[in-house]
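K.L.:
Protein chains in written order, with this note's numbering: chain A, 306 to 668; chain B, 306 to 668.
The hints are simulated quantities; they were obtained by calculation from the structure and are not laboratory data.
Quick caveat: nothing in here was measured; it's all calculated off a predicted structure.
All the pointers check out, no bait thrown in.
Straight-line Cα separation of at most 25 Å, SDA-like style, residue types lysine to any residue; simulated pairs:
no.	chain 1	residue 1	chain 2	residue 2
1	B	K621	B	L661
2	B	K544	A	I641
3	B	K621	A	F341
4	A	K544	B	T309
5	B	K544	A	R620
6	B	K544	B	T520
7	A	K621	A	D585
8	B	K544	A	V395
9	A	K621	A	G633
10	B	K544	A	R405
11	A	K621	B	D346
12	B	K544	B	H519
13	A	K544	B	D615
14	A	K621	A	D310
15	A	K544	B	V614
16	A	K621	A	L594
17	A	K544	B	G628
18	A	K544	B	A617
19	B	K621	A	R543
20	A	K621	A	L668
21	A	K621	B	L342
22	B	K544	B	G533
23	A	K544	B	V618
24	A	K544	B	L619
25	B	K621	A	L337
26	A	K621	B	F341
27	B	K621	B	G591
28	A	K621	B	A542
29	B	K621	B	G586
30	B	K544	B	D340
31	A	K621	A	R655
32	A	K544	B	R609
33	A	K544	A	L337
34	A	K544	A	H519
35	B	K544	A	A617
36	A	K544	B	L635
37	A	K544	A	F341
2 protein chains.
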Amino acid sequence: MPLTDRLLLGPGPSNPYPEVTAAFARPLLGHLDPDFLAILDETCDRLRTVFRTTNALTLPISGTGSAGMEACFVNLIEPGDTVIIGVNGVFGERMCEVARRCGAEVVRVDAPWGAALDPERLLEAQRDHPGARVLAVVHAETSTGVENDVAPLRALQATETLLLVDTVTSLGGVPLEVDGWGIDACYSGTQKCLGVPPGLAPLTFSARAVERVHTRSEPPQSWYLDLGLIGDYVGGARKYHHTAPTAMIVALHAGLGAVLDEGLEAAWARHRAVGTRLQDGLVDLGWSLIAEPGHRLPQLTSTRLPDGVDEAVLRKVLLTEYGIEVGGGLGEFAGIAWRIGLMGHSARERSVTTLLGALREQL
Amino acid sequence: MPLTDRLLLGPGPSNPYPEVTAAFARPLLGHLDPDFLAILDETCDRLRTVFRTTNALTLPISGTGSAGMEACFVNLIEPGDTVIIGVNGVFGERMCEVARRCGAEVVRVDAPWGAALDPERLLEAQRDHPGARVLAVVHAETSTGVENDVAPLRALQATETLLLVDTVTSLGGVPLEVDGWGIDACYSGTQKCLGVPPGLAPLTFSARAVERVHTRSEPPQSWYLDLGLIGDYVGGARKYHHTAPTAMIVALHAGLGAVLDEGLEAAWARHRAVGTRLQDGLVDLGWSLIAEPGHRLPQLTSTRLPDGVDEAVLRKVLLTEYGIEVGGGLGEFAGIAWRIGLMGHSARERSVTTLLGALREQL
Numbered sequence: 306m307p308l309t310d311r312l313l314l315g316p317g318p319s320n321p322y323p324e325v326t327a328a329f330a331r332p333l334l335g336h337l338d339p340d341f342l343a344i345l346d347e348t349c350d351r352l353r354t355v356f357r358t359t360n361a362l363t364l365p366i367s368g369t370g371s372a373g374m375e376a377c378f379v380n381l382i383e384p385g386d387t388v389i390i391g392v393n394g395v396f397g398e399r400m401c402e403v404a405r406r407c408g409a410e411v412v413r414v415d416a417p418w419g420a421a422l423d424p425e426r427l428l429e430a431q432r433d434h435p436g437a438r439v440l441a442v443v444h445a446e447t448s449t450g451v452e453n454d455v456a457p458l459r460a461l462q463a464t465e466t467l468l469l470v471d472t473v474t475s476l477g478g479v480p481l482e483v484d485g486w487g488i489d490a491c492y493s494g495t496q497k498c499l500g501v502p503p504g505l506a507p508l509t510f511s512a513r514a515v516e517r518v519h520t521r522s523e524p525p526q527s528w529y530l531d532l533g534l535i536g537d538y539v540g541g542a543r544k545y546h547h548t549a550p551t552a553m554i555v556a557l558h559a560g561l562g563a564v565l566d567e568g569l570e571a572a573w574a575r576h577r578a579v580g581t582r583l584q585d586g587l588v589d590l591g592w593s594l595i596a597e598p599g600h601r602l603p604q605l606t607s608t609r610l611p612d613g614v615d616e617a618v619l620r621k622v623l624l625t626e627y628g629i630e631v632g633g634g635l636g637e638f639a640g641i642a643w644r645i646g647l648m649g650h651s652a653r654e655r656s657v658t659t660l661l662g663a664l665r666e667q668l
Numbered sequence: 306m307p308l309t310d311r312l313l314l315g316p317g318p319s320n321p322y323p324e325v326t327a328a329f330a331r332p333l334l335g336h337l338d339p340d341f342l343a344i345l346d347e348t349c350d351r352l353r354t355v356f357r358t359t360n361a362l363t364l365p366i367s368g369t370g371s372a373g374m375e376a377c378f379v380n381l382i383e384p385g386d387t388v389i390i391g392v393n394g395v396f397g398e399r400m401c402e403v404a405r406r407c408g409a410e411v412v413r414v415d416a417p418w419g420a421a422l423d424p425e426r427l428l429e430a431q432r433d434h435p436g437a438r439v440l441a442v443v444h445a446e447t448s449t450g451v452e453n454d455v456a457p458l459r460a461l462q463a464t465e466t467l468l469l470v471d472t473v474t475s476l477g478g479v480p481l482e483v484d485g486w487g488i489d490a491c492y493s494g495t496q497k498c499l500g501v502p503p504g505l506a507p508l509t510f511s512a513r514a515v516e517r518v519h520t521r522s523e524p525p526q527s528w529y530l531d532l533g534l535i536g537d538y539v540g541g542a543r544k545y546h547h548t549a550p551t552a553m554i555v556a557l558h559a560g561l562g563a564v565l566d567e568g569l570e571a572a573w574a575r576h577r578a579v580g581t582r583l584q585d586g587l588v589d590l591g592w593s594l595i596a597e598p599g600h601r602l603p604q605l606t607s608t609r610l611p612d613g614v615d616e617a618v619l620r621k622v623l624l625t626e627y628g629i630e631v632g633g634g635l636g637e638f639a640g641i642a643w644r645i646g647l648m649g650h651s652a653r654e655r656s657v658t659t660l661l662g663a664l665r666e667q668l
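With the hints as constraints, model all of the structure from the sequences given.
P.N.:
See below:
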């Protein structure tokens with residue numbers, strides 16, 4: 306079966322950094338090998354650096370980004386807890402569904418798809434529900450390309466409500482300050498701006514989020530995602546919980562190394578530069594951008610195709626003739642829009658040149 | 306940081322097949338790429354072949370073996386359901402814990418560690434609890450090296466109780482007949498006899514297990530492991546659920562290819578031959594075997610060290626001087642026993658020669 310070399314410009318996965326592919330070729334280590342445990346510790350340190358946190362509980366969950374989302378909710382929520390969730394796309398909706406399955410009472414704060422959430426409305430919802438256990442938002446909505454403002458939600462630190470943030474598409478691509486913004490629980494994915502294949506969910510919990518886990522009346526409904534047990538393996542006691550996915554963790558270690566060798570701020574600037582160039586180029590072609598100005602993610606561009614262009618046909622031509630993958634629209638944008646990622650190792654000037662060149666040839 | 310080339314003879318991971326390492330070097334594909342979906346379909350077909358089943362719902366869960374365990378319980382159990390669990394080691398105990406977190410009433414059938422479960426006692430427990438939703442056993446207890454008899458439990462097909470079997474350490478290493486033994490729900494891991502790094506949990510559900518999922522009164526408590534939703538992505542509709550771990554799935558595809566190129570029965574015979582040789586060699590050295598005769602797994606040998614030998618010191622010497630990893634004892638065998646794996650690509654005559662040679666040199 307032939308495997309074509311792809312330029313991955315969809316909403317993830319992005320192309321892995323070459324250092325990541327090289328890491329997969331190294332001899333496999335066991336999950337209790339001292340050499341592996343040293344790499345795991347360094348991986349957690351590197352995650353602290355990219356999350357901008359000193360949180361002790363910072364580790365990769367053994368599943369994809371959605372497992373990170375579920376890990377946050379199952380550890381923080383008990384049945385009957387109130388959770389306030391900002392919803393302006395697929396991933397905010399998913400949070401509502403995951404929270405409900407934990408028995409939460411969900412209070413939604415909606416914004417139109419393509420618009421950003423109003424942090425004041427979120428804080429107002431918290432004032433209306435001061436006993437809310439968690440307020441959750443998606444930093445970078447992968448379904449719309451919108452960046453939601455998280456920094457103003459720091460005000461929750463003066464309340465009993467924990468701030469939970471999805472950074473699957475933002476981590477490593479745009480500024481994010483876990484400690485600076487008072488984020489209590491944060492999860493991400495490896496296959497976006499970190500330039501690593503999908504399979505792990507970086508996660509970090511503040512001291513007060515950890516305190517919440519320790520004061521639950523019942524253990525979390527998930528054994529696999531129980532952070533009390535996982536922390537006993539990753540955090541020092543090395544108590545066996547499940548067999549850690551060692552190859553993927555060594556790959557993540559290498560991807561984080563590539564990001565930090567470049568410098569986190571330099572990586573942010575690179576994502577910003579190439580994303581802006583793509584968005585300008587699309588507008589020049591007569592394509593419209595879906596995310597509202599001022600809240601456009603550089604690493605994930607949602608764009609509406611011109612009338613008369615069959616998006617599925619054009620997407621297939623890009624894939625089969627150029628080996629370029631872009632993403633179709635999700636939810637209310639299915640069939641009329643694209644999502645174009647410039648993330649991690651894919652976030653290069655050359656990617657923009659190639660994609661815009663192919664579009665000019667085809668239109 | 307130096308990475309040493311290990312001979313992985315612990316309870317998993319085993320050394321990956323060379324074809325698996327090569328697969329990681331191939332260009333990464335997106336989870337909706339037609340080339341990837343063809344590989345995914347073929348991976349599911351190969352899993353059906355090694356599971357010996359025609360079950361439509363057969364796929365790799367995006368987590369390690371323990372995620373497979375959790376996926377079975379959260380999809381089959383609703384609060385208040387009775388679950389009968391055979392317990393003769395760590396992984397039977399883990400099943401009890403996972404089932405309890407799903408709200409199950411757990412009925413235990415215990416056997417001493419090192420002994421096999423009596424299938425008649427399990428069937429008797431089912432006759433005492435005819436409304437039990439699930440009867441669950443571990444086929445190959447990784448903590449003790451014992452193989453439990455599963456075939457007699459086929460009798461459950463005449464009842465309303467579903468048969469759930471953990472085959473994490475057995476799949477690909479010893480005979481297993483999912484359809485022939487009437488197994489309704491079965492999960493495994495990649496890092497044992499399939500010769501792939503840890504990170505995925507192959508899973509298969511019979512038609513009546515799927516029916517059970519479809520007739521639940523509430524959705525499963527886990528969104529990430531909801532087989533109704535996952536099946537819509539893997540099974541044909543290709544509806545996006547979560548981003549599949551594409552690199553690991555391509556690696557699993559390659560590992561299964563290596564197993565099937567050799568032939569499943571040939572792989573079973575190879576595991577049997579090298580395991581028997583190791584066990585004979587250990588007895589010759591004066592080491593005792595923990596698993597009762599007739600129920601000894603060839604791929605996972607639990608052995609008690611001679612008096613006066615410090616197991617931790619000797620294990621460290623093997624690792625640092627020879628690059629050989631073996632496993633310490635778990636649970637009641639911690640500090641007094643080893644677990645030696647000969648699984649997947651590690652299940653070679655050379656591995657036995659190397660290990661016995663090193664032990665002779667050190668003792």
